[in-house]
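*Asks:* Guided by the hints, dock chain Y onto chain A, whose structure is given.
Protein chains: 2
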Amino acid sequence: MLAASASSVLGQASANIAAGRAQPSPLAPSEIVARAPKADWTEIAQSDLLVMDLTPDAKGKPRRVVIQLMPPPFSQGWIGNIRKLAAARWWDGTAINRVQDNYVVQWGDPDADDKAKAKPLPAGLVTVPESEYTVQADHTLSGMGPVVHEPDVRQISGIDRYAPATGFAWGWPLGLERRHGRFSARDLKRDPQSNVSLAWPVHCYGMVGVGRDLSPNTGTGAELYTVIGHAPRHLDRNIALVGRVIEGIEFLSSLPRGHGALGFYDLAQGDERTGIVSIRLASEMPTDKPFPAYEYLSTESQSFAAYADARANRRDDFFIRPAGGADVCNIPVPVRRVK
Amino acid sequence: MLAASASSVLGQASANIAAGRAQPSPLAPSEIVARAPKADWTEIAQSDLLVMDLTPDAKGKPRRVVIQLMPPPFSQGWIGNIRKLAAARWWDGTAINRVQDNYVVQWGDPDADDKAKAKPLPAGLVTVPESEYTVQADHTLSGMGPVVHEPDVRQISGIDRYAPATGFAWGWPLGLERRHGRFSARDLKRDPQSNVSLAWPVHCYGMVGVGRDLSPNTGTGAELYTVIGHAPRHLDRNIALVGRVIEGIEFLSSLPRGHGALGFYDLAQGDERTGIVSIRLASEMPTDKPFPAYEYLSTESQSFAAYADARANRRDDFFIRPAGGADVCNIPVPVRRVK
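Protein chains in written order, with our numbering: chain A, 1 to 339; chain Y, 1 to 339.
Source of the hints: derived by calculation from the structure; they are not laboratory data. Quick caveat, the model's predicted, so the values are computed rather than measured. Think of the CB as a built atom: it goes at the ideal place given N, C-alpha and C, for glycine as much as any other residue. Please note: incorrect hints may appear among the correct ones.
[Unchecked claim] In silico contact screen, one side only, chain A against chain Y (beta carbon under 7 Å); selected entries:
hint, residue
1, Gly229
2, Asn313
3, Arg315
4, Asp327
[Claimed, not checked] To be clear about the criterion: a stretch of chain A counts as covered by chain Y if any three or more of its residues have a C-beta under 8 Å from a C-beta of chain Y, and this derived list gives those stretches:
hint, segment
5, 48 to 56
6, 232 to 244
7, 255 to 263
[Said to hold, decoys possible] Below, in silico cross-link-like pairs of lysine to aspartate or glutamate (DMTMM-like), each with a Cα-Cα straight-line distance of 20 Å or less:
hint, chain 1, residue 1, chain 2, residue 2
8, A, Lys117, A, Asp213
9, Y, Lys61, A, Glu272
10, Y, Lys59, A, Glu272
11, A, Lys84, A, Asp57
12, Y, Lys61, A, Asp101
13, A, Lys59, Y, Asp57
14, Y, Lys119, Y, Asp109
15, Y, Lys61, A, Asp213
16, A, Lys61, Y, Glu223
17, Y, Lys339, Y, Glu247
18, A, Lys117, A, Asp266
19, A, Lys59, Y, Asp271
20, A, Lys61, Y, Asp266
21, Y, Lys59, A, Glu223
22, A, Lys61, Y, Asp109
23, A, Lys61, A, Asp109
24, Y, Lys61, A, Asp271
25, Y, Lys61, Y, Glu247
26, Y, Lys61, A, Asp48
27, Y, Lys117, Y, Asp213
28, A, Lys59, Y, Glu272
29, A, Lys119, A, Asp57
30, A, Lys61, Y, Asp101
31, Y, Lys289, Y, Glu247
32, A, Lys59, Y, Asp266
33, Y, Lys61, Y, Asp92
34, A, Lys38, A, Asp266
35, Y, Lys115, Y, Glu247
36, A, Lys117, A, Glu223
37, Y, Lys59, A, Asp271
38, A, Lys61, Y, Asp114
39, A, Lys84, A, Glu132
40, A, Lys115, A, Asp53
The shape of chain A in the complex, shown without the other chains (with noise of 0.2 Å):
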């Protein structure tokens, strides 16, 4: 299947082929995707986007952060909260408190600690249980298409240290675990979707999580941090993935680093924090100004195949030896502005 896919998509360098050059340059994982056709996009509903407005920057520019919300059957409990607290408007006037180097930048009520100060929350905000840090594939992922989808079954097949096995599924990275015993090449090949069990979506760089206390306590979701660093998969399983920053993630990641415990602002070092003006899904921003629209590469198609594909076995004329795999963080989900 993914020789098919990827001669398909590689149609230009097999017309380089025919016209008898000796080397053609295959393409790049960037190429393919630029030449990906529009069938293979799938349009990010407005309500499922969150966009954060920070202070503007020391030069008097804008810094928006744009958030796409995981679809069902993914953190839905954690996703109705922030729906809820983004239309109390209860994120405005909050910060970024915490900036720790090579792991994540975190943002909510910096009084959240102080009860005499802290910001209350809105009313009707659930409480989500640990069970819902990962989905049973039995009744939750059935009808909705192939689960697993990877470049190729060696590297579907266990070669994780934090999953038994990972893919991709409606446009997000999971782990996934087996019914009964390991996964199987053959097991893959012939029904990846009937051996899998379980399935959680995993910390890359720039996935949005849900900050909490120690167990059993699994958070509100008012405290939100965003991965800028070495993918923490050790965090999968043990704390909700909600999201993923698909614009503005350098507004986070260059931000100036906490140097308290933990990477939090230390006040006595001066003020550090960077101001939230506002949090707001799209679809509730004023009208006057319609919001982008974005879209992201669907990774049921032939093209997302083409392109892991060429990102776990780098062609292009800057690599002398493809490594022959790719984690499944280092094959990052194409999203763009629709044009």
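*Replies:* Relative to the frame of chain A, chain Y by itself:
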């Protein structure tokens, strides 16, 4: 072996049990490091420290980045060049020209691509062949203690997407290849070293490498980069690694992102490049103010084994489900100033 080392290092937890506390809290990785005995630390030679001073930040604060160069047998050709470039003060007045989010920060001559304006390189730099991206284990790794050192054999035996096995030696994360066929758990348990035929440093967060043009160009060492995102392991064995940032990486990772191709700064949008005041070996800096000494946690020590095990199996209170594994880049080698 691991159990023994863990019990010795986790002495405090054992003491808690002995004292009758029902729920001793296991030590977090950082606590294991803090309690490691002095003998488990190895001091870094001042001649292996490369000190980069950037222009002060907007508030006038100094920005110093300290890089540890790799020891033999790795990358010595390029490192020899780097020593010559530092001695010639070649980098003084150059700049950081590229900051690509979730990838790299790169510095060197801003006019390197313009033959008329490019800064001449000092005499005596060597051209290093691509074969030096890896090290033949037969003659270079012998007699230096165990090459492979990870929490347990399960984690070493092949579950990495970029190398047949990974491990640590002399304080550095490595990819490893076996002499004949695959690594087996028994091989690694019995005699890890004799089965290793090739070793190479890997691209974790903070590692420093040598920018290059297309193969067979391998770069001189004048153009350097450091990783500021998820480990781009596809670069392993495609490019030379020469060291890692051990202090001040935030002065690189928090720089504004470039908006030209590949994250180079687009000068049409205003010059956001950061100037480099100087790059020197610590051993060649003015002696009126002694440069701090640094040490790393020996990767052959019992403390490192316990630390790596704790990174792979987080037992501290926050975690409800230890991963049971950790990828080589999620076990950063602890480095600190000598107290």
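*Asks:* Next, verify each hint and record whether it holds.
*Replies:* The hints, checked one at a time:
1. Gly229: With a closest approach of 6 Å, the Gly229(A) hint holds.
2. Asn313: violated (9 Å)
3. Arg315: violated (11 Å)
4. Asp327: holds (5 Å)
5. 48 to 56: Check failed, 0 qualifying residues.
6. 232 to 244: holds (count 6)
7. 255 to 263: holds (count 3)
8. Lys117(A) to Asp213(A): holds (18 Å)
9. Lys61(Y) to Glu272(A): holds (14 Å)
10. Lys59(Y) to Glu272(A): Holds: Lys59(Y) and Glu272(A) sit about 12 Å apart, inside 20 Å.
11. Lys84(A) to Asp57(A): Status violated; Cα separation ~28 Å.
12. Lys61(Y) to Asp101(A): This hinted pair holds, its Cα atoms lying about 19 Å apart.
13. Lys59(A) to Asp57(Y): holds (14 Å)
14. Lys119(Y) to Asp109(Y): OK: Lys119(Y) and Asp109(Y) at ~7 Å, within 20 Å.
15. Lys61(Y) to Asp213(A): This hinted pair is violated, its Cα atoms lying about 35 Å apart.
16. Lys61(A) to Glu223(Y): violated (31 Å)
17. Lys339(Y) to Glu247(Y): holds (15 Å)
18. Lys117(A) to Asp266(A): Measuring from Cα to Cα gives roughly 18 Å; hence the hint holds.
19. Lys59(A) to Asp271(Y): holds (13 Å)
20. Lys61(A) to Asp266(Y): holds (17 Å)
21. Lys59(Y) to Glu223(A): violated (30 Å)
22. Lys61(A) to Asp109(Y): violated (29 Å)
23. Lys61(A) to Asp109(A): This hinted pair is violated, its Cα atoms lying about 24 Å apart.
24. Lys61(Y) to Asp271(A): holds (15 Å)
25. Lys61(Y) to Glu247(Y): Answer holds: Lys61(Y) to Glu247(Y) is near 16 Å, not above 20 Å.
26. Lys61(Y) to Asp48(A): violated (41 Å)
27. Lys117(Y) to Asp213(Y): Since the Cα atoms of Lys117(Y) and Asp213(Y) sit roughly 18 Å apart, the hinted pair holds (cutoff 20 Å).
28. Lys59(A) to Glu272(Y): Roughly 12 Å separates the two Cα atoms, so the pair holds.
29. Lys119(A) to Asp57(A): violated (25 Å)
30. Lys61(A) to Asp101(Y): Cα-Cα ~19 Å, so holds.
31. Lys289(Y) to Glu247(Y): holds (18 Å)
32. Lys59(A) to Asp266(Y): Holds, because 17 Å separates the two Cα atoms, which is no more than 20 Å.
33. Lys61(Y) to Asp92(Y): holds (19 Å)
34. Lys38(A) to Asp266(A): violated (48 Å)
35. Lys115(Y) to Glu247(Y): Violated - the C-alpha atoms of Glu247(Y) and Lys115(Y) are around 34 Å apart, more than 20 Å.
36. Lys117(A) to Glu223(A): holds (16 Å)
37. Lys59(Y) to Asp271(A): holds (13 Å)
38. Lys61(A) to Asp114(Y): With a Cα-Cα distance of about 32 Å, the restraint between Lys61(A) and Asp114(Y) is violated, given a limit of 20 Å.
39. Lys84(A) to Glu132(A): holds (19 Å)
40. Lys115(A) to Asp53(A): violated (27 Å)
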